[in-house]
Amino acid sequence: MTAEAAVGAPALPESVRARIVAEFPKYPEKRAVLLSALHFVQEECEGWIRPEMVPEIAVLLEIREIEVWEVISFYSMFHSERVGRCHVKVCVNLSCCLRGARGMMRRLEELLDIRPGEVTEDGLFSLEGAECLGSCGTAPVIQVNNEAYLENVRLEELPAMLDRLRGRFSTSAGGAAGNGAAA
Amino acid sequence: MTEQVLLLLPPEGQNWSSLETYRAHDGYRGAEKALREMEPAKIVDEVKSSGLRGRGGAGFSTGTKWTFLPKDGRRPRYIACNADESEPGTFKDRQILERNPHKLIEGLLIAAYANEIDAAYVYMRGEYRSAFENLNRAIAEARSAGYLGKNILGTNLAFDIFVHRGAGAYICGEETGLMESLEGRKGQPRKRPPFPAVSGLWRQPTTINNVETMSHVPHIVLRGADWFKGIGTEKSTGTTIFGVSGDVVRPGTFELPLGTPLREIIFEHAGGLHPNRTLKAVIPGGVSMPVLTAEMAMQVAMDHDSLQKAGTLLGTGAIIVMDDRACMVRAAMVIARFFRHESCGQCTQCREGTGWLHKLMQGLEAGHGTKRDLEAIDEVAKFMEGHTICALADAAAWGTGWFLRRFRSEFEAHVEHRGCPLEGVSFEV
Chain A
52 MTAEAAVGAP ALPESVRARI VAEFPKYPEK RAVLLSALHF VQEECEGWIR PEMVPEIAVL
112 LEIREIEVWE VISFYSMFHS ERVGRCHVKV CVNLSCCLRG ARGMMRRLEE LLDIRPGEVT
172 EDGLFSLEGA ECLGSCGTAP VIQVNNEAYL ENVRLEELPA MLDRLRGRFS TSAGGAAGNG
232 AAA
Chain B
-9 MTEQVLLLLP PEGQNWSSLE TYRAHDGYRG AEKALREMEP AKIVDEVKSS GLRGRGGAGF
51 STGTKWTFLP KDGRRPRYIA CNADESEPGT FKDRQILERN PHKLIEGLLI AAYANEIDAA
111 YVYMRGEYRS AFENLNRAIA EARSAGYLGK NILGTNLAFD IFVHRGAGAY ICGEETGLME
171 SLEGRKGQPR KRPPFPAVSG LWRQPTTINN VETMSHVPHI VLRGADWFKG IGTEKSTGTT
231 IFGVSGDVVR PGTFELPLGT PLREIIFEHA GGLHPNRTLK AVIPGGVSMP VLTAEMAMQV
291 AMDHDSLQKA GTLLGTGAII VMDDRACMVR AAMVIARFFR HESCGQCTQC REGTGWLHKL
351 MQGLEAGHGT KRDLEAIDEV AKFMEGHTIC ALADAAAWGT GWFLRRFRSE FEAHVEHRGC
411 PLEGVSFEV
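Quick note, the sequences are listed as chains A and B, same order.
When we follow the working numbering, the leftmost residue of the first sequence carries the number 52, and every step to the right adds one.
When we follow the working numbering, the leftmost residue of the second sequence carries the number -9, and every step to the right adds one.
Careful, some of the hints might be misleading.
Claimed, not checked - In silico DSS-like links for lysine-lysine, alpha-carbon gap of 30 Å or less: (1) 299/B / 225/B; (2) 140/B / 77/A; (3) 32/B / 140/B; (4) 81/A / 61/B; (5) 176/B / 81/A.
Calculated directly from the structure, the hints in this document are not laboratory data.
All chains should be built: construct the whole structure from the sequences, respecting the hints.
Structure representation (structure tokens):
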């Protein structure tokens, strides 16, 4: 399918389109911008990639839709299904497990009443167990959306952390997911 | 106690990310010397003679790697700088990116001049948000100050650096997986030959170097190969940033000469174990590397030769410490799960083997493991080694198989006990 086949208003926000085009001069081929393009979409569109955006990205980068899909499905940071506006990743690799990551995840599951891979009913939170985030010296580590890490997290801090996130993300229009500063 | 030798990092609590601060600490003096006083070939010789070995895990001579670039005049030529830092236990490059990014920029600039490179792409793991912003800010600063762009330092050198974000795939730290990913594809490693030096990014000549490796280049050029060789051991020269995590009092990074005893790193720099605990196991170089028993760990020095003699490898210098509470089957199970998740799926041995290793470990933990399963772990691990396009299968085989070989009695206890004998004591997974 090509752009001609896609009907109706464009799904890709103009701002995302502009950011993608601005990356082109850095590379000899437009296709190299694909990972950045998908990051831009998630940053500006509530953290996930809607299927209707895929043909538009393909046209912009002059590749086939399947080539966009295979990249989306290969990389763990890309989501083709809705996630919470606060997507909470808990590192569960060895160094974090040695410092209590599993208990941290269990507490978050209790507090949010969801399991990894699920989204809360209000659409605010989702949970994911992440493989090593590269912050083993400050384990356990949590990352919300694609923000700066929360390091040396303590179990008793979790309720307050969730409250802060509720405060930041409930009031916003939701479009800012992933753009904000650290919680 | 061996003092920290800070060539790469600022003193604790300091951040040299601004150009002004970096320049106040000899910043860009190596680049000025290189571009104004040295022939490109002389720089390659100097780096080769310094004994600098890659800090990304493989430990190959950096200067020698550069000589693999063809001399046929084909342009453009690229550096792919590996900032994917995804080997579990490893968090050292992030220190440079967040606290001393101009060091990397200067190293890349010198490497570009020495090897007739047109552009560098820093491939950074997508989760490193703060590092990404910090490096981009530093690059913009370097560009306005004339260290990047055209006519650098008044010469006819043109060179620029671009930061490229990955998206959560360990395999993109493998050099050809990295290039596939940078070009906008799945990060599935390429078959070699052709080697990247001849046909790399966009089929052009490319050298792939790790962040820490490139960050050593400025001081080698400024102070000379002989000075650098005076630090570390004969075959493992200079300093490296050791990252210590797990069951220690003060986890963190410590920049020390290669060859520093592991005992000293754990018990002095990292503050030792928690009260009343004893050492059980240490992974010395990221989870791909064979685990050491406490006894082995207490005798080994952290350089390439000593570790190889002890039956493991330096890897990324990422030290994961486990005390007497830690269940070895659980540790191996977490590592097996990781490799199962990260296998790109191209080669059967890896795709199937990583899954089997994980399932067999899970069976032991769940209490239905048998003696035959222990043999199977060993067989699967051996069948994975040396049969695939890239080294991920070998890493998975070593990272898990050596737990069984070095802690066999604990695995056997899981069979006899029908489950984990350390349930309620060990860390949870």
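Check each numbered hint against the structure and report the violated ones by number, ascending.
The structure conflicts with no hint, since it agrees with every one listed earlier.
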